[in-house]
Amino acid sequence: NAGVTQTPKFRILKIGQSMTLQCTQDMNHNYMYWYRQDPGMGLKLIYYSVGAGITDKGEVPNGYNVSRSTTEDFPLRLELAAPSQTSVYFCASSYSVTYTFGSGTRLTVV
Amino acid sequence: AQTVTQSQPEMSVQEAETVTLSCTYDTSESDYYLFWYKQPPSRQMILVIRQEAYKQQNATENRFSVNFQKAAKSFSLKISDSQLGDAAMYFCAYRSGNSGGSNYKLTFGKGTLLTVNP
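The listed protein sequences correspond, in order, to chains A and B. Numbering (the working numbering) for the first sequence: 1 to 110. Numbering (the working numbering) for the second sequence: 1 to 118.
It is worth saying that the hints were derived from the structure and are not from the lab. Be aware that a few hints might be false.
Simulated crosslink set (DSBU-like; lysine-lysine; CA at most 35 Å straight-line) [as the list claims (entries may be wrong)]: (1) Lys-44(A) to Lys-57(A); (2) Lys-14(A) to Lys-44(A); (3) Lys-78(B) to Lys-110(B); (4) Lys-73(B) to Lys-55(B); (5) Lys-57(A) to Lys-9(A); (6) Lys-110(B) to Lys-14(A); (7) Lys-57(A) to Lys-73(B); (8) Lys-55(B) to Lys-57(A); (9) Lys-9(A) to Lys-110(B); (10) Lys-78(B) to Lys-14(A); (11) Lys-70(B) to Lys-55(B); (12) Lys-44(A) to Lys-9(A); (13) Lys-44(A) to Lys-78(B); (14) Lys-57(A) to Lys-14(A); (15) Lys-57(A) to Lys-110(B); (16) Lys-70(B) to Lys-57(A); (17) Lys-78(B) to Lys-55(B); (18) Lys-9(A) to Lys-78(B); (19) Lys-44(A) to Lys-55(B); (20) Lys-110(B) to Lys-73(B); (21) Lys-44(A) to Lys-73(B); (22) Lys-110(B) to Lys-44(A); (23) Lys-55(B) to Lys-110(B); (24) Lys-110(B) to Lys-70(B).
Next up, chain B with everything else stripped away, as it sits in the complex (with noise of 0.2 Å):
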């Protein structure tokens, strides 16, 4: 079964600071896909990024990248110039790049909530 770990239960940084999430998974899989969602206090899931294991160029949504290195199976989040409205829960998660069934489903790391202090 695959596992996502997320060591950073708490994480801070000053707003327009750069701050970096980690998360590392492990699966025997070698296609897949990795994710990082936002979880305001609204609860509402929100995904910041998508990364297709078999991409080898790093996603990047505007001030949001990753840092996917899949020998060493890690994708960590990089959040640029940070910004009060990115105060939130982040969670890591994987979905098997293989067809059908409970492939399809999310496994979530623990998540880390990130303070933005002004």
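Isolated chain A (complex conformation) (with noise of 0.2 Å):
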């Protein structure tokens, strides 16, 4: 049982490139959200979806998109890389109150 699967680990990407990062749960869970990780910042919803086909918005959606066409992937996309993006993401999933993460994606936007 691989839980949330996050792919890739680290990525250094160039100012206006664009990028996927993709996320699978073997776990069968309708629930599954997209966060950042700043230093002395904490984790922030970007997204989060309650299903196939069904996204919403989180606190700091901006500049980045996602999609559910299944239950167990939800990649998050970003158009057009800026600094600001530079951040640790994790992706994960839930049933009832257990939460299961990723092991986190290391972007660098340079």
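Got two chains here, each in a separate frame; can you build the complex from them with the hints?
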């Protein structure tokens, strides 16, 4: 049982480039989330999904897009990378009050 | 909107001693859940302890216990007999007890970095 798998673990992007952070879970959880973690700021919610085909904005959605075509996958898209998007990104899923986090993606935009 | 405040950016403790990490929160809800997560240098988010607001008894998990004061909206974590492996960032988090939609999101504090000295 792999839980929540995020790829890649590390990535360096140039300003203006685009990329997709992948997130897959094998627990059949309906709820999935994307957070970003900045030093000294805790984790902030970017987007969340309550099931396949349903997504909604969180606290800091600007510059990001998501899709949820299947229960398992919840990719996060950065269209025009900016230095402000340098962060560690976490994907998570939940069932009831049990939350499972991926191991994170450290993204640097230069 | 709910907010979670961790007022101690950094704490240190001697090995085998006891340390308490503070967390306060603001909410108008009466039913909710509170969590403490540990994040070691590996970045993995590890659940330490969870408290349901409707339960008056403080949650305990081995060396970890909480002091939940609902009226004061306080949720502190006590680590007894600290070990070197306890060194990590600790996050306090809140989840609404209401159903559906954004109610299931976790709202995090900024974290407390715990150092354990040998």
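Exercise for review: May I ask which of the numbered hints given earlier this structure violates, with the numbers listed in increasing order?
Suggested key: Violated hint (a single one): 10; every other hint is consistent with the structure.
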